[in-house]
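Trainee: Using the sequences provided together with the hints, build the complete structure.
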Amino acid sequence: MSLNKYQTFPLAKNSDLFKNEIENNENTNISIDWIEDAIEKKYIKYYDCKYFSDIQEIGTGGFGKVYRVKWKNSEYYLALKTFKDPDNVTIKEIVRELNFQRDVDHHNNIIRFHGISKSVNSNNQMKIDSLVMEYADGGNLRGYLKEHFNNLTWNDKLNMALQLACAVSCLHSVGQ
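Heads up: the sequence shown at position 105 corresponds to 105 in UniProt numbering, and the numbers run straight through without jumps.
Please keep in mind that the hints were generated in silico from the structure rather than gathered at the bench. Watch out, some of these pointers could steer you wrong.
Stated by the list, open to error - Here are the simulated DMTMM-like pairs of lysine to aspartate or glutamate, each with C-alpha atoms no more than 20 Å apart in a straight line:
| id | residue 1 | residue 2 |
| --- | --- | --- |
| 1 | 72 | 129 |
| 2 | 42 | 134 |
| 3 | 45 | 129 |
| 4 | 118 | 129 |
| 5 | 45 | 105 |
| 6 | 92 | 147 |
| 7 | 42 | 103 |
| 8 | 45 | 103 |
| 9 | 118 | 48 |
| 10 | 50 | 33 |
| 11 | 50 | 129 |
| 12 | 45 | 97 |
| 13 | 65 | 137 |
| 14 | 72 | 54 |
| 15 | 65 | 54 |
| 16 | 72 | 57 |
| 17 | 72 | 134 |
| 18 | 157 | 147 |
| 19 | 118 | 40 |
| 20 | 65 | 40 |
| 21 | 84 | 103 |
| 22 | 84 | 57 |
| 23 | 118 | 134 |
| 24 | 41 | 103 |
| 25 | 45 | 134 |
Mentor: As structure tokens, then:
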């Protein structure tokens, strides 16, 4: 199964205009409708959790836990970025994260966003369970360097430093 047709996602034609509208609007229905529309138009791929298997926790981050999962009886692994307190994560925060992922998705040194998994809460409202991301089977950079640092040449280290600086520069330019 190929995920390529979902790797870039123009979340909205006038996304910056829409971003401002969401940030200044307390009506979460607009954000929910926006996400539903993006899923329907295949700008955002929806992953049904029932197709995840071999689920393993691989880390924690600012938002919550990260899991490695196998997708649909395949050998393809994905990472699920879950939320620490899903009941207190607002839909606006999720939309901001989706917009941020869209803005950095072009960069080769930043983990790719693939889609979302969702459910319906007790109030019959959509609830985002997790962001579905590219799985980096080499682990995180800190672990990789800890294990392989002495085996890397200076050229390898310089190349990694340049790639990291380029990725951080991209993140900072988008985050402003």
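Trainee: Confirm or reject each hint.
Mentor: Going down the list of hints, with the structure as the test:
Among the hinted pairs, residue 72 with residue 129 is consistent with the structure: their alpha-carbon atoms are about 18 Å apart, no more than 20 Å. Between residue 42 and residue 134, the direct Cα distance comes to roughly 18 Å. Compliance with the 20 Å bound is thereby established for this hinted pair. Taken as a hint, the residue 45 and residue 129 pair is honoured in the structure, with Cα atoms around 14 Å apart against an allowance of 20 Å. Taken as a hint, the residue 118 and residue 129 pair is honoured in the structure, with Cα atoms around 5 Å apart against an allowance of 20 Å.
Under the criterion of a C-alpha separation no larger than 20 Å, the hint pairing residue 45 with residue 105 is consistent with the structure, at around 14 Å. Of the supplied pair hints, the one linking residue 92 and residue 147 is violated, its CA atoms being roughly 39 Å apart against a limit of 20 Å. Proximity of residue 42 to residue 103 is assessed by CA-CA distance (about 17 Å); at most 20 Å being required, the pair is judged to hold. Annotation: proposed proximity of residue 45 to residue 103 holds, straight-line Cα distance about 17 Å (limit 20 Å).
This hinted pair checks out: residue 118 and residue 48 have alpha carbons roughly 7 Å apart, not beyond 20 Å. Between residue 50 and residue 33 the CA atoms are separated by roughly 24 Å; this puts the pair beyond 20 Å, and the hint is violated. Between residue 50 and residue 129, the direct Cα distance comes to roughly 13 Å. Compliance with the 20 Å bound is thereby established for this hinted pair. Taking the CA atoms of residue 45 and residue 97, the gap is near 15 Å; set against the 20 Å cutoff, the hint holds.
Proposed proximity of residue 65 and residue 137 is supported: the alpha carbons are some 17 Å apart, at most 20 Å. A threshold of 20 Å between alpha carbons decides the hint, and for residue 72 with residue 54 the separation of about 10 Å falls inside it, so the pair holds. For the hint linking residue 65 to residue 54, the alpha-carbon distance of about 16 Å falls within 20 Å, and the restraint holds. Taking the CA atoms of residue 72 and residue 57, the gap is near 18 Å; set against the 20 Å cutoff, the hint holds.
Restraint check: the Cα-Cα separation between residue 72 and residue 134 comes to about 15 Å, which is no more than 20 Å; the hinted pair holds. Only pairs whose Cα atoms come within 20 Å are accepted, and residue 157 paired with residue 147 is accepted, the gap being roughly 14 Å. Note on residue 118 and residue 40: the hinted pairing holds, with a Cα-Cα distance of about 13 Å set against a maximum of 20 Å. A hinted pair counts as satisfied when its Cα atoms are at most 20 Å apart, and residue 65 with residue 40 does not qualify at roughly 27 Å.
Pair hint residue 84 plus residue 103 does not hold up; C-alpha atoms about 24 Å apart against a cutoff of 20 Å. Between residue 84 and residue 57 the CA atoms are separated by roughly 13 Å; this keeps the pair inside 20 Å, and the hint holds. A threshold of 20 Å between alpha carbons decides the hint, and for residue 118 with residue 134 the separation of about 18 Å falls inside it, so the pair holds. A hinted pair counts as satisfied when its Cα atoms are at most 20 Å apart, and residue 41 with residue 103 qualifies at roughly 19 Å.
In summary, the hint linking residue 45 to residue 134 is supported, as the alpha carbons are separated by about 13 Å, within the 20 Å threshold.
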